[in-house]
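Chemist: Using our numbering, the letters of the sequence shown correspond one by one to residues 89 to 233.
Take the hints with a grain of salt, since some may be wrong.
Said to hold, decoys possible - Label pairs and their calculated CB-CB ranges: (1) N151 <-> N214: 47 to 53 angstroms; (2) G215 <-> N178: 16 to 22 angstroms; (3) E212 <-> S182: 41 to 47 angstroms; (4) G189 <-> E155: 16 to 22 angstroms; (5) A227 <-> D205: 29 to 35 angstroms.
To be verified - Keeping only pairs whose Cα atoms sit at most 25 angstroms apart, straight-line, the calculated SDA-like set for lysine to any residue is: (6) K116 <-> R94; (7) K156 <-> R128; (8) K156 <-> V179; (9) K156 <-> Q175; (10) K218 <-> A230; (11) K116 <-> D100; (12) K116 <-> Q92; (13) K156 <-> L185; (14) K116 <-> S93; (15) K116 <-> P140; (16) K213 <-> T225; (17) K208 <-> L223; (18) K156 <-> R135; (19) K156 <-> R141; (20) K156 <-> L136; (21) K116 <-> C95; (22) K116 <-> L136; (23) K213 <-> A230; (24) K116 <-> R135; (25) K156 <-> Y173; (26) K213 <-> L223; (27) K156 <-> Y174; (28) K218 <-> I206; (29) K156 <-> R190; (30) K116 <-> I102; (31) K116 <-> R106.
Since the hints were made in silico from the structure, they are not lab data. Virtual Cβ for every residue (Gly too), placed ideally from N, Cα, C.
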Amino acid sequence: MHPQSRCWHLLDDILLRRRDREDVLVTKAIRDADDRTDHRLVISQMRLRLQPRRSPQEAAASNQITEKLENLYVPDNNSTLEPRYYQLRNVIHSTALEVLGRARRQNQDWFEDNDDDISKLLAEKNGLHKAYMNLRTDATKAAFF
Numbered sequence: 089m090h091p092q093s094r095c096w097h098l099l100d101d102i103l104l105r106r107r108d109r110e111d112v113l114v115t116k117a118i119r120d121a122d123d124r125t126d127h128r129l130v131i132s133q134m135r136l137r138l139q140p141r142r143s144p145q146e147a148a149a150s151n152q153i154t155e156k157l158e159n160l161y162v163p164d165n166n167s168t169l170e171p172r173y174y175q176l177r178n179v180i181h182s183t184a185l186e187v188l189g190r191a192r193r194q195n196q197d198w199f200e201d202n203d204d205d206i207s208k209l210l211a212e213k214n215g216l217h218k219a220y221m222n223l224r225t226d227a228t229k230a231a232f233f
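When you get a sec, could you build the whole thing from the sequences and use the hints?
Modeler: Below, the structure written as structure tokens:
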């Protein structure tokens, strides 16, 4: 208990996203049997929404890859590993494209690493920062800032 306000310290919290605040029904702090601590057991009753169960599509993809690998041409044992590796890689890649398809493009980055202007500015900034870190004096601080 705080000596001036006569209120208990609230040290223990429950963290949740802002969008989940409406799902909190009741939150309470319960004293422990050992009364010599400022901490309390925080209990929160929440409304949970379970997501629907997803159908197992991975098994079908795995079966198709297995079928393709069984039908894979096996070269003679005298050949090197390199052609066998490329053949295996191509079969797995083509099967994955057939079964899973291409990934949809997510949001495009606002920062493009290949932009020459940005690369030059970043190189200059990094060089100045390195020089500043190597010579930490009041004179260099005044020169840089």
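Chemist: Which hints from the list above does the structure break, by number from lowest to highest?
Modeler: 2, 7, 15, 18, 19 and 20
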